[in-house]
Amino acid sequence: MSDALRDLLARHVEAGTMPGAVGTLGERYEPVAVGLAAPGGQPLQTDAIFRIQSMTKAVSAVAALRLVQDGVIALDDPIATWLPELAEPRVLVHPDAPIEDSRPARRPITVRHLLTNQSGYGMMTADSPLRRAMIDAGMEAGAEPVDRGAQDWLDGLASLPLAFEPGDGWRYHHSFGILGILLGRVSDLSTQEVLDATVFTPAGMSDTGFTVPLDQAHRLPAAFRHGAAGLEQSEPAGAGFYVAPAPFDVSHAELVSTLADYHAFLRALVDGRLIDADLRDGMRSDQVDAAAKRPDSFFPGFWENMGWGHGVSVVTDGPHRGRFGWSGGLGTDFFVDPDGTICIVMTQVELDDRIFAMIGELQGLR
1 MSDALRDLLA RHVEAGTMPG AVGTLGERYE PVAVGLAAPG GQPLQTDAIF
51 RIQSMTKAVS AVAALRLVQD GVIALDDPIA TWLPELAEPR VLVHPDAPIE
101 DSRPARRPIT VRHLLTNQSG YGMMTADSPL RRAMIDAGME AGAEPVDRGA
151 QDWLDGLASL PLAFEPGDGW RYHHSFGILG ILLGRVSDLS TQEVLDATVF
201 TPAGMSDTGF TVPLDQAHRL PAAFRHGAAG LEQSEPAGAG FYVAPAPFDV
251 SHAELVSTLA DYHAFLRALV DGRLIDADLR DGMRSDQVDA AAKRPDSFFP
301 GFWENMGWGH GVSVVTDGPH RGRFGWSGGL GTDFFVDPDG TICIVMTQVE
351 LDDRIFAMIG ELQGLR
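For what it's worth, the UniProt record's numbering labels the leading residue of the sequence shown as 1, then goes sequentially.
Source of the hints: derived by calculation from the structure; they are not laboratory data. From the three backbone atoms N, C-alpha and C, an ideal C-beta is built for every residue, glycine too. The reader is advised that the hints may include incorrect statements.
Claimed, not checked - Listed next, with one range per pair, are the computed distances between beta-carbon atoms:
1) Asp147 - Gly40: 29 to 37 Å
2) Arg6 - Asp289: 35 to 43 Å
3) Leu36 - Leu365: 19 to 27 Å
Let the sequences and hints guide you as you build the complete structure.
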């Protein structure tokens, strides 16, 4: 299987989809590196540290489920117990309604709502007053790093109404920024310390965190996006937001990691070394009711044979039924099959049609 993965990645490097990529495919860790860290640069190494962006969601979910397992929180606990900023959310009478046309929420936002992207906060896929208000407040999600500290970000989110009653719909992303802050609040520790105790140390993830230590910054490749003239650098190598120290409290932000670390995380998750089997199986099972899977909640066709568990997407039908996984906004992706096969690919190119096409081919390797 490693040969098939190498061939796929080499073909896309040659086509200019990305300057280089690392990956592994199989039950065991068998790292593959293809191409360069940057156009005209040095070969990309398998121990490079990548900005994994939304692949952070699976890690945060496992940390929260570990706290559930340990009795620190429960799935149906209201998050306002620890996040009073969100104690009295207001809900738009309709997702497209004017911002002022809202009413008090009938039910609280719970831990479960965060894990399933059903808090009422999240990306708006079509133009609406709420989407314009999110843009004006600087609260839209994108490939760029967060631009403010956790408290300012949470206050900005709390100033906006919910698109729907908690649990009645699905909107991507923002629930997991809230979850990151919650992890620290419930434990009276930093979010980094909670992740260390619940996930990183048990799984043996020595190179994963919110920032890259300064003495390891040389392992952080540049990030790119496709522009009119080809690949354009969007974040520098060995510098910028992700190099320690963090510029502010980044509890709501996303992680950096390595191929080896993320494989260790998934292996420990599948083997039952991070959370109990019932919590693990709930994580990788569809947790979203059909009524919440509205076509406008994400990109077209997303819900076809697809569901959402706790921090991961779940294939609900077809030849890959039972597969779970997710992607990151800078061209990272993983999936895990029911037989324990793990596939991870890491690039540092913004998700676009070319990267999505590569990921689509990746999903078809097995």
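Consistency of the hints with the structure:
1. Asp147 - Gly40: 29 to 37 Å: holds, 30 Å
2. Arg6 - Asp289: 35 to 43 Å: Hint holds: Cβ distance 41 Å, inside 35 to 43 Å.
3. Leu36 - Leu365: 19 to 27 Å: About 23 Å separates the Cβ atoms of Leu36 and Leu365, which means 19 to 27 Å holds.
Checked against the numbered hints above, the structure breaks none of them.
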